[in-house]
Amino acid sequence: MQEKYLPQDIERAAQAKWAHTEAFRAHEDPAKPKYYCLSMFPYPSGKLHMGHVRNYTIGDVLARYHAMRGFNVLQPMGWDAFGLPAENAAIANGVPPAAWTYANIDHMRAQLKALGFAIDWSRELATCKPDYYRWEQWLFTRLFEKGVIYKKMATVNWDPVDQTVLANEQVIDGRGWRSGALVEKRDIPMYFFRITQYADELLAGLDTLPGWPERVKTMQANWIGKSTGVRLAFPYELDGREDRLWVFTTRADTLMGVTFVAVAAEHPLATRAAENNPALAAFIAECKQGSVAEADMATMEKKGMDTGLKVAHPLTGEEVPVWVGNYVLMSYGEGAVMAVPAHDERDFGFARKYGLPIRQVIAVEGETFSTDAWAEWYGDKQRGVCVNSGKYDGLGHEAAVNTIAADLEALGLGETKTQFRLRDWGISRQRYWGCPIPIVHCDHCGDVPVPADQLPVVLPEDVVPDGSGNPLNKRADFVNCACPKCGQPARRETDTMDTFVESSWYYARYACPDANQMLDARANDWLPVDQYIGGIEHAILHLLYARFFHKLMRDEGLVTSDEPFANLLTQGMVIAETFYREDASGKKTWFSPADVETRDGVPVLKSDGAPVIHGGTEKMSKSKNNGVDPQALIDQYGADTARLFTMFAAPPEQSLEWSDAGVEGANRFLRRLWKMTWDHLQGGPVAAYAGGALGDATKALRRQLHQTLQKVADDIERRKQFNTAIAANMELMNALAKLEGDDPMTRAVRQETLEGVVAMLAPIVPHICEALQAELKPGCAIAWPAVDESALVQDEIELVLQVNGKLRGALRVPAAADRAAIEAQALASEVVRKHTEGKPPKKVVVVPGRLVNIVV
RNA sequence: GCCCAGGUGGCGGAAUCGGUAGACGCAGCGGAUUCAAAAUCCGCCGCCGCAAGGUGUGGGGGUUCGAGUCCCCCCCUGGGCACCA
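Quick note: the first sequence uses the numbering used here, first residue 1390, plus one each step.
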């Protein structure tokens, strides 16, 4: 054994050994319980960032721990390889996205291997490879034929200068990120997954997932947003024809307070009204500026304009004006809303701004209504009762909704309806680097899905996008084809799929990566995933889409389970400070924190010494350029230090603010572990303690060892909190360092303790543990030690002594002492007499094993 | 704007079911070792106070023998908002 801890040498040796023995190759084995441990696969952006290190170390700790505890473990890895950054790199460097992506994959694979993760690399997949995406195309055609996928118009961000569709991320303050042009909304045809058909099941399914964090389930439930309300109609007559304007509301009880209705700018009524109204047409055009992102829509100034059209109130027949509102979303509900300014805060503000009437129809006892300012109670469903509402006066929320709904139904002007906030999933992307949508457009046959025997539709990999439009449109060899149905010349669809489609089923493909079909029987051997680990930022979209896709695959007979992920661990983000400079046009340039230093309390760029602006502490991301490269850490200290530090710095679910300090401490601990083992082994080999009389010190250390074994198992398995598991081992090592003596019994206990620490830390720092095990117990694989219950027994325990709830001292009592004996001993103690000043106790609280509180 | 989290020493964090606030680590301070330094080892380390003691978990209120933990209100920070992944 080397006296010095040399991480590079031992890590290389351990990794070579694992590779040689195929230690992590997973095989189906019905004799053992399976444990499918999956970390969200990375986007191959170039190099690993700290978020990856954190994510995959968490997964690796759980995978290795479960393997030690007798599970048949599968831990695969792959690449979420399609996406926008590859096109951006192509624009910047002139490299085809495919070449850029494959080079990144090679680099990042080597980095992952250097971190020593227990991954079955034989199952590696990349979503940009035809043998992966062909099955996605195959399923698409099946679902298209079933009607689960359909085509409709949808609104996108359009850059009029670059003549291209922009992602929401590419719209900055309403302008295109490259051109700086004002972004417009544009309607184009897109393919949609009918996810709303599964809304109820996706909602109900959350209750079958006890292994998911409550907060994620709450977010998903709110996202699906099931609400019951009333769909009702405002009749009107236009151009001599009778028609109805439909709206949906959860507050039908306020129907008598409607003073206007608001429609979206794209609503047919708005379009019709604008025909002879240039001012309105101009306003509608204005509404079409800006991004389609909901956050932008919700935070922009609420504006509106009267269309001049009137509709009739469904119950009173009273005339109600129709306005266009820039805050009304065409894609949600009916594209129109009824406005009750008195009882909806947004309508209230809008009515005051435009001088529209505010009519109170709900009252709360003891409160006075005023049109001057909004008060919380105006919108209170619980306490409010109807007023100024004719026959509905005096009814509470529920009764009023039911009565009004019944009356509307009798008139044929409304019905009770369940509404979801969830919208169908539009998957068409006007981009090159994605999975081609397997549709052929034929003048005679319409949209024809590509037959299975003609799949995959292969994406050409030699393309370099230039930032304007989809380059596939310029590839005649791709676009021109024969209609699969009639054989006549036809055009291939050039839109590609949302990359969320690839990441919605990769977890299943890992079970059978070589299958010559989408999935084979092995999928059911491994699914559902026992532990899924990934960033909290995926709490809604990715996880909802994957759950949805799993149900689609189930309904295709490909899997038997209802849910893909039995247990979910949402790791917090690795965040870091951001710094930027802004040019005259308002364009921001972001600088890496590594290139920034503080001079006289001002952040400046190291290269030019001029100040930069601090942009807050945010998720490490490419766009903010605040990622920290873990490679330097690995190069300097080794993989085990990087792993130990990321696991020790914060519990997995919390966000982790990056700082370089602390890494040194993790490395110091490993050196100390190494040195203590070396020192111990200088005395020659010794067997671990296996029985016999012990002194106080050795007995206490053994108790701590076995307590720690219990705690660490609980921390890893149940609490999934690795920082405290590591801290417990540090405490144990601190105690071991204080154990003196070289007699055989003491050395046996020291051997047992070191073996225990090596086993407990093996999932976290596997390389050093592998090397230490080879010295401590040559020829024996690391095994999780059984807890010795007899070592845990204590004769005496210490209780906390309080007087009036304040800590005043401690009390040593026999472990078996009963309540009365403890109370007597407490009352007799010196501290109690001093602090009670002789007053008789009013109450004595005894919490067994914890404390005694004397109340006077 | 809406939905979901979080806020504890100089810093990262611990306190698992309402029961000793600050485990463990970083930084700092003092000492040992050394020609010297690094490394290592030992000790101290919330704040006020010489001490006794008081005080302290974003702010305000409440429940309780006892609140970081439960309830109400407020402030701040982060994540998501459907085309970043």
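Just so you know, these hints were derived from the structure itself, not from any lab. Keep in mind that the hints are not guaranteed to be accurate.
Pairs of lysine-lysine, DSS-like flavour, derived with a Cα cap of 30 Å [stated by the list, open to error]:
id, residue 1, residue 2
1, 1940, 1995
2, 1976, 1806
3, 1502, 1421
4, 2231, 1421
5, 2231, 1436
6, 2100, 2166
7, 2195, 2231
8, 1540, 1940
9, 1541, 1574
10, 1436, 2064
11, 1977, 1940
12, 2109, 1518
13, 2166, 1606
14, 1692, 2064
15, 2195, 1406
16, 1976, 1535
17, 1976, 1940
18, 1423, 1806
19, 1691, 1615
20, 1541, 1874
21, 1806, 1535
22, 1770, 1615
23, 1393, 1423
Results for each hint:
no.	hint	verdict
1	1940 / 1995	violated, 53 Å
2	1976 / 1806	violated, 46 Å
3	1502 / 1421	holds, 27 Å
4	2231 / 1421	violated, 59 Å
5	2231 / 1436	violated, 67 Å
6	2100 / 2166	holds, 24 Å
7	2195 / 2231	holds, 15 Å
8	1540 / 1940	holds, 21 Å
9	1541 / 1574	holds, 16 Å
10	1436 / 2064	violated, 34 Å
11	1977 / 1940	violated, 43 Å
12	2109 / 1518	violated, 35 Å
13	2166 / 1606	violated, 46 Å
14	1692 / 2064	violated, 71 Å
15	2195 / 1406	violated, 58 Å
16	1976 / 1535	violated, 47 Å
17	1976 / 1940	violated, 44 Å
18	1423 / 1806	violated, 44 Å
19	1691 / 1615	holds, 26 Å
20	1541 / 1874	holds, 22 Å
21	1806 / 1535	holds, 26 Å
22	1770 / 1615	holds, 17 Å
23	1393 / 1423	violated, 39 Å
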